[in-house]
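The listed protein sequences derive, respectively, from chains C and F.
When we follow my numbering, the leftmost residue of the first sequence carries the number 1, and every step to the right adds one.
When we follow my numbering, the leftmost residue of the second sequence carries the number 112, and every step to the right adds one.
It is possible that some hints are incorrect.
[What the hints assert, rightly or not] Below, a sample of chain F positions facing chain C; criterion: calculated Cβ distance under 8 Å:
no., residue
1, R175
2, F176
3, S177
4, G216
[Said to hold, decoys possible] So these bits of chain C aren't anywhere near chain F, every CB distance computed over 10 Å:
no., residue
5, D18
6, N22
7, S27
8, N30
9, T31
10, V44
11, E54
12, N58
13, T68
14, D71
15, Q92
16, N97
17, L99
18, G102
19, L107
20, P111
[What the hints assert, rightly or not] Derived list of chain C stretches under chain F, where covered just means 3 residues or more per stretch with a C-beta under 8 Å from a C-beta of chain F:
no., segment
21, 10 to 16
22, 74 to 85
By construction, these hints were calculated from the structure, which means they are not laboratory data.
Every residue, glycine too, gets a C-beta built ideally from N, C-alpha and C.
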Amino acid sequence: GQQLNQSPQSMFIQEGEDVSMNCTSSSIFNTWLWYKQDPGEGPVLLIALYKAGELTSNGRLTAQFGITRKDSFLNISASIPSDVGIYFCAGQSDAGNMLTFGGGTRLMVKP
Amino acid sequence: NAGVMQNPRHLVRRRGQEARLRCSPMKGHSHVYWYRQLPEEGLKFMVYLQKENIIDESGMPKERFSAEFPKEGPSILRIQQVVRGDSAAYFCASSPGQARGYTFGSGTRLTVV
């Protein structure tokens with residue numbers, strides 16, 4: 001089945017630093033999504049990418065849909081304590097289909 | 112406009128009992144998805160339903176698990192004769208149609224003792 005490799009598994013950074021995480025896939029996806037999950041809650045959609053090569057920003061977050069459609073990255077600039085949480089990438093082959101999730105990147109921010 | 116509502120938030124069951132998890136999709140959404148998350152892992156797809164139809168159940172275990180989304184009322188994920196390995200967080204998501212990406216609920220955390 002499809003697999004998403006997400007890295008790094010965890011990051012411990014200083015407040016104000018920039019963060020980068022990425023996902024690679026063994027197969028092509030037509031949509032890439034980035035979610036954030038806080039403890040005890042469901043994933044919340046941060047950014048959705050619909051076209052190969054697309055670069056999209058949402059505040060301090062920037063994500064890109066790789067040209068090969070097999071990878072994506074998420075950058076967070078000038079991290080703040082509330083950025084703490086687990087970030088998941090997810091790929092979707094076609095509209096309406098299931099999402100395949102990466103294993104998550106646990107972000108910890110030291111004030 | 113309420114989001115995806117799941118209840119209960121926490122559910123404790125003894126081995127061999129039945130667990131029933133409920134999901135009310137967002138208003139106007141007719142597509143529901145169920146996912147399972149084990150500790151320290153990503154979410155794994157279980158089943159995709161539309162009103163009164165199962166569209167894709169490729170992620171559902173073959174035994175003890177069933178799901179429905181009736182014409183009226185919430186979607187139900189049912190686990191019969193629960194075992195310790197069923198302990199996990201179960202998330203429901205909904206969309207208005209065949210959407211790219213969708214909204215998740217806060218989940219039901221099932222603990223089997």
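So, going through the hints one by one against the coordinates:
Here the hint on R175/F is broken, as its CB sits about 21 Å from the closest CB of chain C, past 8 Å. Interface hint at F176/F: violated, since its Cβ lies 16 Å from the closest Cβ of chain C, which is beyond the 8 Å cut-off. Against a cut-off of 8 Å between C-beta atoms, the interface hint on S177/F is violated, since the closest Cβ of chain C lies about 18 Å away. Residue-level restraint check for G216/F holds (minimum Cβ-Cβ distance to chain C is 5 Å; threshold 8 Å).
Look at D18/C: its CB is around 24 Å from the nearest CB on chain F, clear of 10 Å, so calling it non-interface holds up. Chain F leaves N22/C outside its interface by the beta-carbon criterion, the shortest separation being 15 Å against a cut-off of 10 Å. Consistency note on S27/C: stated as away from chain F, and its beta-carbon is indeed over 10 Å from all of that chain's, at 15 Å minimum. Residue placement check: N30/C does not keep its beta carbon more than 10 Å from all beta carbons of chain F (closest about 8 Å).
Distance check for T31/C against chain F: the nearest CB is about 4 Å away, which does not clear 10 Å, and the non-interface claim fails. A beta-carbon of chain F comes within 10 Å of the beta-carbon of V44/C; the shortest separation is about 7 Å. Distance check for E54/C against chain F: the nearest CB is about 12 Å away, which clears 10 Å, and the non-interface claim stands. At the 10 Å boundary, the C-beta of N58/C stays outside the reach of chain F, the nearest C-beta of that chain being 13 Å off.
The beta carbon of T68/C sits about 19 Å from the closest Cβ of chain F, which is more than 10 Å, so the claim that it is off the interface holds. Taking the minimum C-beta to C-beta distance to chain F, about 16 Å, the non-interface status of D71/C holds against the 10 Å cut. Not every CB of chain F is more than 10 Å from the CB of Q92/C (nearest about 6 Å), against its label as outside the interface. With a least CB separation of 8 Å from chain F, N97/C falls inside the 10 Å interface cut-off, contrary to its annotation.
Distance check for L99/C against chain F: the nearest CB is about 7 Å away, which does not clear 10 Å, and the non-interface claim fails. For G102/C, the requirement that its beta carbon stay farther than 10 Å from each beta carbon of chain F is not met, with the minimum near 6 Å. Listed as outside the interface, L107/C is consistent with that label: its C-beta sits roughly 14 Å from the nearest C-beta of chain F, beyond the 10 Å cut-off. A cut-off of 10 Å between C-beta atoms confirms that P111/C is not in contact with chain F; the least separation is 25 Å.
With 0 residues having a Cβ less than 8 Å from any Cβ of chain F, the segment 10 to 16 of chain C misses the three-residue criterion, and the hint is violated. A stretch counts as covered by a chain when three or more of its residues have a beta carbon under 8 Å from one of that chain; for the segment 74 to 85 of chain C and chain F the count is 0, and the coverage is violated.
The structure fails hints 1, 2, 3, 8, 9, 10, 15, 16, 17, 18, 21 and 22 (numbered hints given earlier, in ascending order).
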